[in-house]
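Peer 1: Given the coordinates of chain A, assemble chain B onto it according to the supplied hints.
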Amino acid sequence: MRRSRNLLLALGVVMLVAVPQAFAQDAEEPVVDLMEFIPEQFRADFSDINGDGIPDIGELPPEGVAGIWDDKVGEVTEDGFLAAVTGNFDQSDTGSSLTGPCKGVVITYDADGLSVDAMFDRGGDEPLYDIYGHQKMTRDNPLLVDTGGTLVYYGSSIPATFHDHRWFLKAEGVFKDDGGDPNPRDKNRNAGAVDFGDLLPFEFTALLKAKGAWVDGWGATELPEMATYPEPNCVGEGWVKFVGPNPLLTPPGILAMLLAAAGFTGVLFNARPALSWREG
Amino acid sequence: MTMAETTLKRHPIRGFIWGLITGAGVGLLLMVLSVVPLSIPTLIVATAAAAVIGMLWGLFAPPKKPKGSAPGGSPPAAPEPA
Chain A
1 MRRSRNLLLA
11 LGVVMLVAVP
21 QAFAQDAEEP
31 VVDLMEFIPE
41 QFRADFSDIN
51 GDGIPDIGEL
61 PPEGVAGIWD
71 DKVGEVTEDG
81 FLAAVTGNFD
91 QSDTGSSLTG
101 PCKGVVITYD
111 ADGLSVDAMF
121 DRGGDEPLYD
131 IYGHQKMTRD
141 NPLLVDTGGT
151 LVYYGSSIPA
161 TFHDHRWFLK
171 AEGVFKDDGG
181 DPNPRDKNRN
191 AGAVDFGDLL
201 PFEFTALLKA
211 KGAWVDGWGA
221 TELPEMATYP
231 EPNCVGEGWV
241 KFVGPNPLLT
251 PPGILAMLLA
261 AAGFTGVLFN
271 ARPALSWREG
Chain B
281 MTMAETTLKR
291 HPIRGFIWGL
301 ITGAGVGLLL
311 MVLSVVPLSI
321 PTLIVATAAA
331 AVIGMLWGLF
341 APPKKPKGSA
351 PGGSPPAAPE
361 PA
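Protein sequences appear in the order of chains A and B.
To convert, note that position 195 of the first sequence is 195 in the numbering used here; the numbers rise steadily by one, no gaps.
To convert, note that position 79 of the second sequence is 359 in the numbering used here; the numbers rise steadily by one, no gaps.
Take the hints with a grain of salt, since some may be wrong.
Unchecked claim - Some chain A residues near chain B, calculated using beta-carbon distances under 10 Å:
| no. | residue |
| --- | --- |
| 1 | Thr86 |
| 2 | Glu172 |
| 3 | Val174 |
| 4 | Val194 |
| 5 | Pro201 |
| 6 | Thr205 |
| 7 | Val243 |
| 8 | Leu259 |
| 9 | Ala261 |
| 10 | Ala262 |
| 11 | Val267 |
| 12 | Pro273 |
| 13 | Ala274 |
| 14 | Leu275 |
As the list claims (entries may be wrong) - So the derived label-pair ranges between C-beta atoms look like this:
| no. | chain 1 | residue 1 | chain 2 | residue 2 | range |
| --- | --- | --- | --- | --- | --- |
| 15 | B | Lys344 | A | Pro251 | 50 to 60 Å |
| 16 | A | Glu75 | B | Lys347 | 47 to 57 Å |
| 17 | B | Pro342 | A | Lys72 | 58 to 68 Å |
Note that these hints are calculated values from the structure, not bench results.
All values reported here derive from a predicted model rather than from experimental measurement.
Beta carbons: idealized from backbone N, C-alpha and C, even for Gly.
Just chain A, with the same shape it has in the complex:
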């Protein structure tokens, strides 16, 4: 009798949590067709297979064209890496922003090419949005990125065209990249893909802050982080959530559990003060 009552109670709690969420998900309809951000020549490669309103990918678009000032080596020492991926990240700011003429779409995919998440920007000072019209890259609505998958982007600076431009992109504790180009051919758009499954040594999960900037007319020297840049420029900041398999089965998750278990055992049984007998 008591067991049945407990079972019913547990079932009730699960229903209370799960059912409203299911209805909320059903109620949301995409308000934007992301195909409008994808150049015509690539549209045939996309179709919405999993029915989430985000185009799924058949074939990866060509890699973005690298600029001549792009950092192709990265950091080669641990100290250099740590210095590069730390910085002035404001964790108390739970919002997101992207200012300047930059516009476009970012779509993330899992290892099978099915969409995980997407966001777009129409340029100007408005923030990034998801397909439901909610502000994207906030702490409550971060961009989900599969660490075993791919990220695809189509972007432009229309109507501006940047020359002698520099850019940087960094995510706290995980990566930093930077580069630039004189842009003698007056390009003002780019498309490309980042294959995280290839780039990352292992899959992991984490919520973290990311930021970046792209500045016109800066020249060959590396862009300082979040200075006052000359106009025109694009500056953005927001939250990214790396997702993947069960977090506790990833190498960082296993390491964390081992450390916590070993440390806690040591504190309990090896560090406690102890009385011992003494001849008095």
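Peer 2: Chain B only, in chain A's frame:
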């Protein structure tokens, strides 16, 4: 006959080291589970705080009782006749 006394041995260094390891593990675990954002300064602060708590535990936690019986104490009572 001598009277048995106890001495108290504290372990602040062991507490500090085990606290450091616990803090690093728990901090990393919270980040892996996305409970808190990934942040190296936050991880350092969590590890340092846990190390201090571990040291305080090694100094002031309720002590473990001494092992065995008191040396020179009264012998164990003989079993009562059935």
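Peer 1: Hint by hint, say whether it matches the structure.
Peer 2: The hints, checked one at a time:
1. Thr86: At about 5 Å, which falls below the 10 Å cut-off, the nearest Cβ of chain B leaves the hint on A/Thr86 intact, so it holds.
2. Glu172: 6 Å, holds
3. Val174: The hint holds - A/Val174 has a Cβ within 10 Å of chain B, the shortest such distance being about 7 Å.
4. Val194: Where the cut-off is 10 Å and the nearest Cβ of chain B is about 19 Å from A/Val194, the hint is violated.
5. Pro201: This hint is violated: A/Pro201 lies away from chain B, its Cβ roughly 16 Å from the closest one there, beyond 10 Å.
6. Thr205: 6 Å, holds
7. Val243: 9 Å, holds
8. Leu259: 3 Å, holds
9. Ala261: OK, holds: A/Ala261 within 10 Å of chain B, min 7 Å.
10. Ala262: Constraint on A/Ala262 satisfied, holds at 6 Å.
11. Val267: Holds. Min distance 4 Å.
12. Pro273: 4 Å, holds
13. Ala274: 4 Å, holds
14. Leu275: 4 Å, holds
15. B/Lys344 with A/Pro251: 50 to 60 Å: At roughly 36 Å between Cβ atoms, A/Pro251 and B/Lys344 fall outside 50 to 60 Å, so the hint is violated.
16. A/Glu75 with B/Lys347: 47 to 57 Å: Given about 52 Å between the Cβ atoms, the range holds.
17. B/Pro342 with A/Lys72: 58 to 68 Å: 59 Å, holds
Against the hints set out earlier in the document, violations occur for numbers 4, 5 and 15.
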